[in-house]
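Engineer: Protein chains in written order, with the numbering used here: chain X, 36 to 367; chain W, -15 to 365; chain G, 28 to 366.
Bear in mind the hints are in silico, worked out from the structure with no lab data behind them.
Honestly, I wouldn't trust all of these hints.
[Unchecked claim] Quick look at which bits of chain W chain X covers, simulated, 3 or more residues with Cβ under 8 Å:
no., region
1, 227 to 234
2, 265 to 275
3, 282 to 288
[To be verified] Heads up, simulated SDA-like pairs for lysine to any residue below, C-alpha to C-alpha not over 20 Å straight-line:
no., chain 1, residue 1, chain 2, residue 2
4, X, K150, W, Y306
5, X, K40, X, F77
6, W, K210, X, D124
7, X, K337, G, Q121
8, X, K192, X, V274
9, G, K153, X, Y296
Don't be surprised by glycine CBs; every beta carbon is placed ideally from N, CA and C.
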Amino acid sequence: MGVIKKRFGATDGWIQMPDGSNHYIFGFCEITGVPENQIFEFRGKATLLAPLLEVYEGDEVVLTLTNLGFPDRPDLDDTHTIHWHGFPDQIPFWDGVPEASISVPVGRDFEYFYKPLDPGTYIYHCHFEPVEHIQMGMVGPLIVRPSLEKNPAYSNKKFAFNNVATEYQREAILFLTELDARPHSLVANVQEFEWTEYKPQYWLINGRSYPDTVKAHDDPQLPLQPFSAKIQANEGEKVLLRIVNLGFENHNIQITGNHFYVIGQDAKEIRGRNGEDLSYQSDTIFVAPGQTVDAILTASRKGKYVLYNRSHYKNTVAGVSTGGMITEFDVI
Amino acid sequence: MISIDLWVKEGYLSTPDGNSIYFWGFSEGEAAPAQLPGPRIICKQGEEVTVNLTNTLPEPVSLCFPGQTGVTVNGQPVQPQYVNGKLVSFTNHALIGETITYTFTAEYAGTFLYESGTNPHKQVLMGLYGGIVIHPADYDANMDKTAYGSDTDTAYDREYLLIVGEIDPDFHNAVKQGKPYSIKNYKPRYWTINGRCAPDTMLKNDIDYLPHQPYGSMIMCQPDEKVLIRYINAGVGSHPLHPHGNHTRVIALDGRLLRNGEFDRSYQRFTVSVNPGQTYDQIFQWKGLNYSSQNPIPTTIPNLRNMGIGDAGWTLWSGSPYLGEKADIPQSIQSLNEFGEYYFMLHSHSEPQLTNWGEFPGGLMTMIAIYSSLNENVGVL
Amino acid sequence: MAVVTKYLWGMKGTLLLTGRSIPFWGFSPVFFSVPQLPAPQIEAKTGDTVRIVLFNSFLNPSPIGESISILFPGQPDVMVREWPSGNFIFTEPQYSDGQLYSLTNDIATGGFAELKALEYSLIVNKPGVYLYESGTRSERQILMGMYGVIVVRPEGYDIPAHPDFKTAYGAGTMSEYDRENILILSEIDSNLNNQIDHGDDYDMSTYHPDCWLVNGRTFPATVEEPDQSSQPMGSIIRCNTGDKVLLRIVNAGFNAHTLQLGGLVAQLIAEDGVPLVHTGTDKSYQKTSVTLGAGQRVDLIITPTIPGEYYLFDREYHHLVNNDEFPGGMMTKLEVAAT
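Just chain X, with the same shape it has in the complex (with noise of 0.2 Å):
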């Protein structure tokens, strides 16, 4: 168990999509060890998703948050947080919620302190006036890892959770959210959306709509998207899907040729008080809008398989072409 010591800047940035268009996002970007005199190089450089982060159960994380202030937009000053979106037992004050606790001004920071017990898959994200700030792009991929990885009987093996039946030898991030171009270009230009009028135009996996979300990760055609969302395994292995939706309509994934066994939901493992084991196995994944899924896809045969949305209208690019909540899953 050790003391995780980071930093993340709060900034701006603008991302694309498949057909060419470009969207002014807010985020986060990571700072950790940059001097205090170059952290301002990273005005700008949000990405999406922010960057992911991966910590122990039992680790100490000390997250330190600084408002670096919106290079393309410097007449607002929003204030950011960060919340840890399912973390137990929290206090406010590290909660993030800044109608009940504190918000980081521009050119300021604070620190958050986490000490993860429940491994599984979490998010976060920015609380401030959170529909604009997470349409935005202030969101992240947050895993906890289980102490069961650290036992020596387990070394070089991986679990979901503190359960050998959760083993997987290889893991994909599954980051669902929407993208409505409008409130992304009204806020770039100075003006309001009027939320209750979201009707997203983009589908996105790890912050790409298909095909770039099959591309490498850190792709220099993409700088501000540095996540792939491409699974690929052996055959007979077993992939653990860290599915999350932070976007604001339900979404359904399937597969192509196979089927998921859920293990987890909403960083636990789907069991009874007693211990009652609820996982399941379906070829089809519901998930809500602030909802994570852990499920494992066995890779069965060798080949290319897709991974899709089954309200099929989100695997386009603004409604036309094939693209959006789509990835591809090589087995070889």
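Mind docking chains W and G on chain X? Use the hints.
Structural biologist: Leaving out everything else, chains W and G in the frame of chain X:
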């Protein structure tokens, strides 16, 4: 046996952004105002429940009790109603000016909905719904309380009922003015808990200036207490409700315990997808991390003048990281904190629902308040 | 272990919904006929091989005019060949110039006299209700109506002495029933259907349905009898008091739907084709309404005790209309007779 009078009337809802919205609601009698949601029906398993429905609207109105068994009118099982062969009501209705009496025996403990079964695309959306809480046969408010009876592992210390819904003001106006409205374009602009939009959800019950919206939605408890939160979705949309502070354990759906004999199939969630017409009973418990000024937090408390506090003009924060303690906050900010209690937001994660016609904060949001000490009469239904 | 073979033609057709004619695309079980919504039901037993021979243009008076296919969500190891004598290979996603255009192998359009078909083959190993649907440009082809169900029965479900007799999932799954009805829920955006059928530009992100269907019909047609039209299935449910009525509810639409069960309480016995009761563990539970996301299925049993009529409907009440008039839309009826 309990007997309840429900009068169907019109009224006006108030929203925090200053709107006044015509609605149809149930009232407790001829002299009482229509309210949203309708009066709570609270009874005990095994009791006979009689509901006298009096209709003052210009069209028939009826009551459906999904999940109740053996509902009768005048001793006969309820049946759909037709006019010239066309379906009008899913169940027996009261004609204009008429009173009709429904009777059923509360066979199961749990959380249930009652709602209009006549022109439901109009009447339920206009506000004709309410909640039913049936306590188990062995319930005693002064003893150890359970949601589903002893031996069901459903003990709780306090309970709260949150009924969620939506409002499309254009639709309400069209009904008020008798104008046509294309219901396929139904588009909510407000989202409610117990008939109120945030921040009014956090106000107490029976506020003078909210005569048609008597129920507050603030959840109050002490650390370690088991809080039974009963959700009902009376609306037509999905509402993914997320409490900060901790997961909940979902123990029952639609008033049926998630347990088969010894096999417990309750489950934990940090977001429950609350779907139309359905009810969800859950236990929330916050134990905290035992920080106090004697066991201080391991991070520095910044100079509060440098930080963002109360951006909306008010804050629920005490100024201290510790439960039960208050500290100075900048004087320009109105603090609503009473005794150093903690506040955790409970809200829809379909975030446009956190607005009043697009303006945050609003809509489907309330707070869970954790007090170091709280009167035991709080959180009793 | 039998081989169940079905021949299907992808065709354009017309639906009569809410008093309006709306173009749709579907599957017809015979050539020179009309397509059906939902597509013809395919029945098989566990272990059977299901073969579907898919024609696109051959002997087709109203071809869709684009490549089509059939995807079997949840089914592994689906094979395909050029009918009638090609070699079977595993299906795989299809790309053109590196662009994904079909989730499975497809058949292009051809000539009216060109005897050409694609044959899919799969072994159905698990009982349950499964969708089969277009895998090619699914966002428009499923929207246009190219979906149906495969019902996979346990081995002895039709053999009176067999422990599987009249069960959905076999012995020991608490799935015994007296009556069975399949309710396929879906929705239609008539504007998009018109635009797509006419070859106009369209934008799927505007999807805004205006018809809500059970088994391809809107109420009150849902409670009318079966016929020979493109919407052949009614969905009225008839039983006696005390009967165990198995309802197999399928969401073939793109939006979630919540079916409320006439105020009655149902026992949910399977989700997405997976029984909740098996090997002595009972995970079944009770509900007064069920919410299904796109592509999901649920099997439940209602045992009515009081004679009368009960309406089953989408609890999203604004879907119970035809052209803004109640009653209509996604609604059907359970009629319970005294025993």
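Engineer: Taking the hints in turn, state whether each one holds.
Structural biologist: Hints, verified against the model:
With a cut-off of 8 Å between beta carbons, the region 227 to 234 of chain W has 5 residues touching chain X; three or more are needed, and the interface restraint holds. Counting residues of the region 265 to 275 of chain W whose beta carbon lies closer than 8 Å to any beta carbon of chain X gives 5, which reaches the threshold of three, so the coverage claim holds. Beta-carbon proximity to chain X at under 8 Å applies to 5 residues in the region 282 to 288 of chain W; the threshold of 3 is reached and the given coverage holds. For the given pair, K150(X) sits about 17 Å from Y306(W) by alpha-carbon distance, which is consistent with the 20 Å threshold.
For the hint linking K40(X) to F77(X), the alpha-carbon distance of about 18 Å falls within 20 Å, and the restraint holds. With a C-alpha separation of about 13 Å, the suggested pair K210(W) and D124(X) falls inside the 20 Å cut-off, and the hint holds. At roughly 16 Å between alpha-carbon atoms, K337(X) and Q121(G) fall within 20 Å of each other, so this suggested pair holds. For the suggested pair K192(X) and V274(X), the alpha carbons sit about 13 Å apart, so the restraint of at most 20 Å is met.
At roughly 15 Å between alpha-carbon atoms, K153(G) and Y296(X) fall within 20 Å of each other, so this suggested pair holds.
Hint check: no violations occur; every hint is consistent with the structure.
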